[in-house]
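Residue numbering for the sequence shown follows the UniProt record's numbering, starting at 1 and increasing by one per position.
A couple of the hints might just be wrong.
Mimicking DSSO-like on lysine-lysine, the simulated pairs with C-alpha atoms at most 30 Å apart in a straight line are [what the hints assert, rightly or not]:
id, residue 1, residue 2
1, K146, K183
2, K2, K167
3, K108, K2
4, K115, K100
5, K206, K16
6, K16, K113
7, K100, K2
8, K113, K100
9, K108, K183
10, K206, K2
11, K100, K16
12, K151, K100
13, K146, K100
14, K16, K203
15, K151, K167
16, K2, K151
17, K183, K16
18, K146, K167
19, K151, K16
20, K113, K151
21, K151, K203
22, K2, K183
23, K167, K183
24, K203, K113
25, K203, K183
26, K2, K199
27, K100, K183
28, K16, K146
29, K199, K100
30, K203, K2
31, K151, K108
32, K199, K183
33, K16, K108
Label pairs and their in silico Cβ distance ranges [what the hints assert, rightly or not]:
id, residue 1, residue 2, range
34, P110, S196, 29 to 39 Å
35, F31, T173, 14 to 24 Å
36, D86, S116, 16 to 26 Å
37, Q35, E87, 18 to 28 Å
Since the hints were made in silico from the structure, they are not lab data. Glycine is no exception: its CB is placed at the ideal position from the N, C-alpha and C atoms.
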Amino acid sequence: MKVLSIQILAIEQPHKPPAVPLAQASDLSSFSFLQRGSIGEFLNFFSKTVAERTSSGQRQSVQENNYLAHSYFKSNDNLVGILISDEEYPVRVAFSLLNKILDEFAVKVPQSKWKSINFQSASSSGSNNLVGSIGFNNSLNEYLVKYQDPKQADTILKVQQELDETKIVLHKTIESVLERGEKLDSLVERSNALSSQSKMFYKTAKKQNSCCLIA
């Protein structure tokens, strides 16, 4: 079982891009050194794509190959939590953890730090400048390390008994959450967050049907 990435993103309105990352942590130790740059970019791309297609109050899991992006859009906060794990990581633990993380973020990070975001400008730049300035990355890293072992979440699960797994929407591929007419290849090509090297990595891996995440 493995958690690869946890992110918190801000979004103006449900299903209205762009989503802007505010905090993130990742563990790419299971990939080769040469792959990590592109894998990291695709984790960010995967998180952003799913966040922008999550409805307010919704919990959904999007599967791609052997990985799942668990997404929770916390109502009224305009914040989406994304946890990317392998398919063996317990779904209930993932969403309980996202709920706890979003609650803690709301307490520790004043809305004044991010509510004034120019969403379009932040997206078009393709940068993650806000991620370092918000001041929550260390907390996410602690969660990422601690909850690699899902048994560590037992106390969270006892508190969050209300989580109803039957209400979690599961999508078998990232393509299934895209709007009609949208194509993943086009989103990859247009993305400002993906380097030319990562786009080439995606195309090559897709031809070989071997991309670790979304090809």
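Hints, one by one, checked against the model:
1. For a cut-off of 30 Å, the pair hint linking K146 to K183 is broken: about 36 Å separates their Cα positions.
2. Between K2 and K167, the direct Cα distance comes to roughly 24 Å. Compliance with the 30 Å bound is thereby established for this hinted pair.
3. At roughly 27 Å between alpha-carbon atoms, K108 and K2 fall within 30 Å of each other, so this suggested pair holds.
4. The straight-line distance between the Cα atoms of K115 and K100 is roughly 21 Å, inside the 30 Å bound, and the hint therefore holds.
5. For the suggested pair K206 and K16, the alpha carbons sit about 28 Å apart, so the restraint of at most 30 Å is met.
6. Between K16 and K113 the CA atoms are separated by roughly 21 Å; this keeps the pair inside 30 Å, and the hint holds.
7. Distance check on the hinted pair: K100 and K2 sit about 19 Å apart at the alpha-carbon level, within 30 Å; holds.
8. Using a Cα cut-off of 30 Å, the hinted pair K113 and K100 holds, with the two alpha carbons roughly 20 Å apart.
9. For the hint pairing K108 with K183, the CA-to-CA distance comes to about 38 Å; that exceeds 30 Å, so the pair is violated.
10. Simply put, K206 and K2 have alpha-carbon atoms about 23 Å apart, close enough for the 30 Å limit, and the pair holds.
11. Proximity of K100 to K16 is assessed by CA-CA distance (about 25 Å); at most 30 Å being required, the pair is judged to hold.
12. Proposed proximity of K151 and K100 is supported: the alpha carbons are some 15 Å apart, at most 30 Å.
13. Taken as a hint, the K146 and K100 pair is honoured in the structure, with Cα atoms around 14 Å apart against an allowance of 30 Å.
14. For the given pair, K16 sits about 27 Å from K203 by alpha-carbon distance, which is consistent with the 30 Å threshold.
15. Pair hint K151 plus K167 holds up; C-alpha atoms about 23 Å apart against a cutoff of 30 Å.
16. For the hint pairing K2 with K151, the CA-to-CA distance comes to about 13 Å; that is within 30 Å, so the pair holds.
17. Annotation: proposed proximity of K183 to K16 holds, straight-line Cα distance about 17 Å (limit 30 Å).
18. Annotation: proposed proximity of K146 to K167 holds, straight-line Cα distance about 27 Å (limit 30 Å).
19. Taking the CA atoms of K151 and K16, the gap is near 36 Å; set against the 30 Å cutoff, the hint is violated.
20. Note on K113 and K151: the hinted pairing is violated, with a Cα-Cα distance of about 34 Å set against a maximum of 30 Å.
21. Only pairs whose Cα atoms come within 30 Å are accepted, and K151 paired with K203 is rejected, the gap being roughly 38 Å.
22. Restraint check for K2 and K183: satisfied, since their Cα atoms lie roughly 29 Å apart, inside the 30 Å limit.
23. For the hint linking K167 to K183, the alpha-carbon distance of about 27 Å falls within 30 Å, and the restraint holds.
24. Distance check on the hinted pair: K203 and K113 sit about 37 Å apart at the alpha-carbon level, beyond 30 Å; violated.
25. Under the criterion of a C-alpha separation no larger than 30 Å, the hint pairing K203 with K183 is consistent with the structure, at around 14 Å.
26. Between K2 and K199, the direct Cα distance comes to roughly 25 Å. Compliance with the 30 Å bound is thereby established for this hinted pair.
27. Simply put, K100 and K183 have alpha-carbon atoms about 33 Å apart, too far for the 30 Å limit, and the pair is violated.
28. Note on K16 and K146: the hinted pairing is violated, with a Cα-Cα distance of about 33 Å set against a maximum of 30 Å.
29. Distance hint between K199 and K100 is unfulfilled; the C-alpha atoms sit about 34 Å from each other, more than 30 Å.
30. Taking the CA atoms of K203 and K2, the gap is near 26 Å; set against the 30 Å cutoff, the hint holds.
31. For a cut-off of 30 Å, the pair hint linking K151 to K108 stands: about 25 Å separates their Cα positions.
32. Of the pairs offered as hints, the one joining K199 and K183 holds, with about 15 Å between alpha carbons and a cut-off of 30 Å not exceeded.
33. For a cut-off of 30 Å, the pair hint linking K16 to K108 stands: about 26 Å separates their Cα positions.
34. Separated by about 37 Å at the C-beta atoms, P110 and S196 satisfy the suggested range of 29 to 39 Å.
35. As the Cβ distance of F31 to T173 is approximately 21 Å, the hint placing it in 14 to 24 Å holds.
36. For D86 paired with S116, a C-beta distance near 37 Å fails the hint of 16 to 26 Å.
37. At about 20 Å, the beta-carbon gap between Q35 and E87 stays in the expected band of 18 to 28 Å.
Of the numbered hints listed earlier, those contradicted by the structure are 1, 9, 19, 20, 21, 24, 27, 28, 29 and 36.
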